[in-house]
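Student: For reference, the chains in residue letters:
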Amino acid sequence: MGPLIVNEIISPNTNLLIAMLIGIGFGFVLESSGFSSSRKLAGMFYGYDTTVLKVFFTAAITAMIGMLFFSLFGWIDLSYVYVNPTYLTSAMVGGAVMGAGFIIGGFCPGTAFCALSIGKLDALAFIGGLVLGIIFFTEGYPMWEDLYKANFMGTPTMNELLDIPRGIFALGLILAAFAMFWVGEWAEKKFPREEY
Amino acid sequence: MSEVKKTKYLNPYVGGVLLGLVLLAANFVSGRGLGASGAVKSAVVTTVSSVMPSHVENSAFYTEYKESHPGNPMKSWLVFEMIGVLIGGFLSGAFAKRLKFKVEHSPKITSKRRIMFAVLGGILFGFGSQLGRGCTSGSALSGMAVLSVGGFLTMAFIFGTAFALAYFFRKNWI
Chain Y
1 MGPLIVNEII
11 SPNTNLLIAM
21 LIGIGFGFVL
31 ESSGFSSSRK
41 LAGMFYGYDT
51 TVLKVFFTAA
61 ITAMIGMLFF
71 SLFGWIDLSY
81 VYVNPTYLTS
91 AMVGGAVMGA
101 GFIIGGFCPG
111 TAFCALSIGK
121 LDALAFIGGL
131 VLGIIFFTEG
141 YPMWEDLYKA
151 NFMGTPTMNE
161 LLDIPRGIFA
171 LGLILAAFAM
181 FWVGEWAEKK
191 FPREEY
Chain H
1001 MSEVKKTKYL
1011 NPYVGGVLLG
1021 LVLLAANFVS
1031 GRGLGASGAV
1041 KSAVVTTVSS
1051 VMPSHVENSA
1061 FYTEYKESHP
1071 GNPMKSWLVF
1081 EMIGVLIGGF
1091 LSGAFAKRLK
1101 FKVEHSPKIT
1111 SKRRIMFAVL
1121 GGILFGFGSQ
1131 LGRGCTSGSA
1141 LSGMAVLSVG
1151 GFLTMAFIFG
1161 TAFALAYFFR
1171 KNWI
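Heads up: the protein sequence lines correspond to chains Y and H, in order.
Read in order, the letters of the first sequence correspond to residues 1 to 196 in the working numbering.
Read in order, the letters of the second sequence correspond to residues 1001 to 1174 in the working numbering.
To be clear, the hints were calculated from the coordinates, so they are not data collected in a lab.
Please note that a few of the clues may not be correct.
[What the hints assert, rightly or not] With a Cα cut of at most 30 Å, we get these calculated BS3-like pairs of lysine-lysine: (1) 1108(H) to 189(Y); (2) 1097(H) to 1008(H); (3) 1171(H) to 1100(H); (4) 1102(H) to 1008(H); (5) 1171(H) to 1102(H); (6) 1108(H) to 1171(H); (7) 1066(H) to 149(Y); (8) 1008(H) to 190(Y); (9) 1171(H) to 1008(H); (10) 1108(H) to 190(Y); (11) 1112(H) to 1100(H); (12) 1097(H) to 1171(H); (13) 1008(H) to 1108(H); (14) 1008(H) to 1112(H); (15) 1097(H) to 1112(H); (16) 189(Y) to 1171(H); (17) 1097(H) to 189(Y); (18) 1171(H) to 1112(H); (19) 1008(H) to 1100(H); (20) 1112(H) to 1102(H); (21) 1171(H) to 190(Y); (22) 149(Y) to 1075(H); (23) 1008(H) to 189(Y); (24) 1097(H) to 1108(H).
[Stated by the list, open to error] Among the chain Y residues that face chain H by a calculated CB cut under 7 Å, a handful are: (25) 2; (26) 34; (27) 38; (28) 54; (29) 59; (30) 64; (31) 80; (32) 81; (33) 95; (34) 98; (35) 108; (36) 118; (37) 120; (38) 121; (39) 138.
Don't be surprised by glycine CBs; every beta carbon is placed ideally from N, CA and C.
Please model the entire structure based on the sequences and the hints provided.
Tutor: Shown next, in the form of structure tokens:
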């Protein structure tokens, strides 16, 4: 049955309409959770507000469990679901550069659009920066093309890498997430601060 | 007696489950995860293509991009999704009475400093998201949900680096 677009149950144009509906849900949840505030997002890295950790990991494990059960019930064929390819070097270097951008700019791209939608002008400045950063990448592409394509590993998943069943890895991740939530709750009590 | 601490936001675990369901819906319907930086790239590609078409023909990046992304870059899943994000965020802000033009910053710094840092952070994030083939949404969150090794790595490096550098930028936030 799923994914609906791959199995041609819906048309490409319907897919775009649904993309917009999914975006509305995405933006609504981000804003309701407080992701439109850069000081709340940055709180993650000082321990006074670990909302980012809780929302992010709860979302990841919810979607992961959902896909496992959908697959078990035969509702979705996971072999048709897009798995992000792994380029070892660029995943790490790109991640590190993004981490620096996060603590300096206070947003990531998705949260910046969410914050812009309620009128945050610092988010607009951040998006201006995003455009410049992307142009910088595309114009200088020959300079980092080798880095960009280095150490390609295909599309491995964590359970394949560790050679364990998908469900076992999922269980481990859920337990790890719960441990992190516990640390997050502890940190918020230890570094209390008024909510932004 | 201290008052019970009230929050104006949704419970983070409830928010997380809802976000997870949105991500699950994206995978079930469209066979892909969420994203954000890709939509900005589509806008950049479209603008550069129409303003400087000759430049695009001679650029290594654009040649590769056009090969892997046929058709109009603005008629893409991520562009429609991000239009939705603006609508959804606006609706949530309207219901919660949070619609207001402002520059949010720590009282220890000026608005001007906040804006300068926001632009700088955006430049880094924009560049990093291209190198890492997706940002917090497209690579880290969506990648983790499908157990992609690259998704986990990118997530660890985004949060790890931000933690490692947090001390140097504390004045901007707390």
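Student: Could you run down the list of hints and mark each one as holding or not?
Tutor: Hints, one by one, checked against the model:
{"no.": "1", "hint": "1108(H) to 189(Y)", "in the structure": "24 Å, holds"}
{"no.": "2", "hint": "1097(H) to 1008(H)", "in the structure": "10 Å, holds"}
{"no.": "3", "hint": "1171(H) to 1100(H)", "in the structure": "24 Å, holds"}
{"no.": "4", "hint": "1102(H) to 1008(H)", "in the structure": "18 Å, holds"}
{"no.": "5", "hint": "1171(H) to 1102(H)", "in the structure": "19 Å, holds"}
{"no.": "6", "hint": "1108(H) to 1171(H)", "in the structure": "7 Å, holds"}
{"no.": "7", "hint": "1066(H) to 149(Y)", "in the structure": "17 Å, holds"}
{"no.": "8", "hint": "1008(H) to 190(Y)", "in the structure": "21 Å, holds"}
{"no.": "9", "hint": "1171(H) to 1008(H)", "in the structure": "25 Å, holds"}
{"no.": "10", "hint": "1108(H) to 190(Y)", "in the structure": "22 Å, holds"}
{"no.": "11", "hint": "1112(H) to 1100(H)", "in the structure": "18 Å, holds"}
{"no.": "12", "hint": "1097(H) to 1171(H)", "in the structure": "28 Å, holds"}
{"no.": "13", "hint": "1008(H) to 1108(H)", "in the structure": "24 Å, holds"}
{"no.": "14", "hint": "1008(H) to 1112(H)", "in the structure": "28 Å, holds"}
{"no.": "15", "hint": "1097(H) to 1112(H)", "in the structure": "26 Å, holds"}
{"no.": "16", "hint": "189(Y) to 1171(H)", "in the structure": "21 Å, holds"}
{"no.": "17", "hint": "1097(H) to 189(Y)", "in the structure": "28 Å, holds"}
{"no.": "18", "hint": "1171(H) to 1112(H)", "in the structure": "14 Å, holds"}
{"no.": "19", "hint": "1008(H) to 1100(H)", "in the structure": "16 Å, holds"}
{"no.": "20", "hint": "1112(H) to 1102(H)", "in the structure": "12 Å, holds"}
{"no.": "21", "hint": "1171(H) to 190(Y)", "in the structure": "19 Å, holds"}
{"no.": "22", "hint": "149(Y) to 1075(H)", "in the structure": "27 Å, holds"}
{"no.": "23", "hint": "1008(H) to 189(Y)", "in the structure": "18 Å, holds"}
{"no.": "24", "hint": "1097(H) to 1108(H)", "in the structure": "26 Å, holds"}
{"no.": "25", "hint": "2", "in the structure": "4 Å, holds"}
{"no.": "26", "hint": "34", "in the structure": "4 Å, holds"}
{"no.": "27", "hint": "38", "in the structure": "6 Å, holds"}
{"no.": "28", "hint": "54", "in the structure": "4 Å, holds"}
{"no.": "29", "hint": "59", "in the structure": "4 Å, holds"}
{"no.": "30", "hint": "64", "in the structure": "5 Å, holds"}
{"no.": "31", "hint": "80", "in the structure": "5 Å, holds"}
{"no.": "32", "hint": "81", "in the structure": "5 Å, holds"}
{"no.": "33", "hint": "95", "in the structure": "3 Å, holds"}
{"no.": "34", "hint": "98", "in the structure": "4 Å, holds"}
{"no.": "35", "hint": "108", "in the structure": "4 Å, holds"}
{"no.": "36", "hint": "118", "in the structure": "3 Å, holds"}
{"no.": "37", "hint": "120", "in the structure": "6 Å, holds"}
{"no.": "38", "hint": "121", "in the structure": "5 Å, holds"}
{"no.": "39", "hint": "138", "in the structure": "4 Å, holds"}
Consistency with the previously given hints is maintained throughout, with no hint failing.
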